[in-house]
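Each chain, letter by letter, is given below.
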Amino acid sequence: MAGRVITITSGKGGVGKTTTTANLGTAIAMHGKKVAVLDADIGLRNLDVVMGLENRIVYDIVDVVEGRCRPRQALIKDKRLPELALLPAAQTRDKNAVSPEQMQQLCNYLKSEFDYVLVDSPAGIEQGFRNAIAGADDVIIVTTPEVSAVRDADRIIGLVEAYGLHLPRLILNRIKPHMVARGDMMSQEDVIDILAIDLLGIVPDDEAIITSTNRGEPAVYDKSSRAGLAYNNIARRILGEQVPLMDLEERPGLMVRLGNLFGGGSSNRSRSRRV
Amino acid sequence: MGFWNRLLGRERPSEWVGTPAHAAKQRLQVVLVQDRVNLPPEVMDAIRAELVAVISKYVEIEPEGVEFNLTKGEKFDKLTANIPVKRART
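Taken in order, these protein sequences are the chains called A and B. Just so you know, we're using our numbering here: the first sequence kicks off at 1462 and counts up by one. Just so you know, we're using our numbering here: the second sequence kicks off at -10 and counts up by one.
Isolated chain A, as found in the complex (with noise of 0.2 Å):
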């Protein structure tokens, strides 16, 4: 088998790397393929309590790296998906406990028994960033519509594209629609502009995602939640489908906007914040 390993990464810490990766895996795995999810930030794992799998870990990935046991050995199981596998990290010890050669050979091995490979990869961009790029064939940014968080997703870029790899494509998460709308919060475009990458899809900002969070089951199961709908469309697009983005349905409507055609804009945007 030859797969495809896609790293996800950010630069900037919370803005949802994690959630990203256990949701895109278990919803790449639901259409029926066989997905291994690599949590990259030895010393920080948490991909393993967000995908509820965190009372099965035996092994680790730096068991696997200094032949303590075999990949296979290390690999959970998922608890519903068959085909969706965890290489979780090790909490006991630091980011130079794995090299990027053995991070590479590891995301090779991978790629011959699975047909997507996710990794987590940890915030910032020393070590850690460098071992979970170090296999990527292809690299997801997530950032949040923050300025902190788009100013670090594009020194993450320069990096991406100095270590070799092609364009990055961006995941904007937590867009709150409504904050948009009233010229509160920078919209897709906005953040699309600045950085110049491809979207690869937006995740509206969702209570869902703290509740499944806090089951261990990721937000794809939950079919009232936008955030797992837009999840599924995002690995529906990995899947080299054409779904189109996600309509947030909080543009102005109709009469709204010919109010603003007309009037000059006598509309409803608040501006209390720019006090």
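You may find that some hints are simply not true.
Result set (DMTMM-like, lysine to aspartate or glutamate): computed pairs, CA atoms no more than 25 Å apart in a straight line [to be verified]:
hint	chain 1	residue 1	chain 2	residue 2
1	B	Lys67	A	Asp1654
2	A	Lys1473	A	Asp1599
3	A	Lys1637	B	Glu4
4	A	Lys1473	A	Asp1659
5	B	Lys75	B	Glu39
6	A	Lys1637	A	Asp1683
7	B	Lys67	A	Glu1622
8	B	Lys67	A	Glu1650
9	B	Lys64	A	Glu1650
10	A	Lys1637	A	Asp1659
11	B	Lys46	B	Glu56
12	A	Lys1473	B	Asp24
13	A	Lys1637	A	Asp1708
14	B	Lys75	B	Glu51
15	A	Lys1684	A	Asp1666
16	B	Lys67	B	Glu31
17	A	Lys1538	A	Asp1683
18	B	Lys64	A	Asp1659
19	A	Lys1556	A	Asp1524
20	B	Lys64	A	Glu1622
21	A	Lys1572	A	Asp1539
22	A	Lys1572	A	Glu1527
23	A	Lys1494	A	Glu1678
24	A	Lys1473	A	Asp1666
25	B	Lys64	A	Asp1654
26	A	Lys1495	A	Asp1524
If we take Cβ atoms under 7 Å as the criterion, some of the chain B residues that face chain A in the derived model are [as the list claims (entries may be wrong)]:
hint	residue
27	Trp5
28	Thr8
29	Pro9
30	Ala10
31	Ala13
32	Lys14
33	Leu17
34	Leu21
Hint data in this document are derived by calculation from the structure and do not stem from the laboratory. We put the beta carbon where it would ideally sit given N, CA and C, even for glycine.
Fit chain B to the known structure of chain A by using the hints.
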């Protein structure tokens, strides 16, 4: 064009200017140009000081009002200097 884009909600009304989103985008554009060109602040300061010195030779300027920035242009990034002039030196 503008009419239809506006009707379809594609074009932003002029009130967008000055919103927090607009501020974020503008600030990011300035910061990222500097991040990408990688001109250290010392170098920017040096260019600014020399520019001011050269212009001061010929005209009297208002040093407090000098603005010197690297911004994003259509094809190339631009160094823009805004130097208020009081009067020519005689």
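Going down the list of hints, with the structure as the test:
no.	hint	verdict
1	B:Lys67 <-> A:Asp1654	holds (18 Å)
2	A:Lys1473 <-> A:Asp1599	holds (19 Å)
3	A:Lys1637 <-> B:Glu4	holds (20 Å)
4	A:Lys1473 <-> A:Asp1659	holds (19 Å)
5	B:Lys75 <-> B:Glu39	holds (19 Å)
6	A:Lys1637 <-> A:Asp1683	holds (20 Å)
7	B:Lys67 <-> A:Glu1622	holds (23 Å)
8	B:Lys67 <-> A:Glu1650	holds (23 Å)
9	B:Lys64 <-> A:Glu1650	holds (20 Å)
10	A:Lys1637 <-> A:Asp1659	holds (20 Å)
11	B:Lys46 <-> B:Glu56	holds (18 Å)
12	A:Lys1473 <-> B:Asp24	holds (16 Å)
13	A:Lys1637 <-> A:Asp1708	holds (12 Å)
14	B:Lys75 <-> B:Glu51	holds (6 Å)
15	A:Lys1684 <-> A:Asp1666	holds (16 Å)
16	B:Lys67 <-> B:Glu31	holds (18 Å)
17	A:Lys1538 <-> A:Asp1683	holds (21 Å)
18	B:Lys64 <-> A:Asp1659	holds (20 Å)
19	A:Lys1556 <-> A:Asp1524	holds (14 Å)
20	B:Lys64 <-> A:Glu1622	holds (20 Å)
21	A:Lys1572 <-> A:Asp1539	holds (18 Å)
22	A:Lys1572 <-> A:Glu1527	holds (19 Å)
23	A:Lys1494 <-> A:Glu1678	holds (19 Å)
24	A:Lys1473 <-> A:Asp1666	holds (18 Å)
25	B:Lys64 <-> A:Asp1654	holds (14 Å)
26	A:Lys1495 <-> A:Asp1524	holds (23 Å)
27	Trp5	holds (5 Å)
28	Thr8	holds (3 Å)
29	Pro9	holds (5 Å)
30	Ala10	holds (5 Å)
31	Ala13	holds (5 Å)
32	Lys14	holds (5 Å)
33	Leu17	holds (5 Å)
34	Leu21	holds (5 Å)
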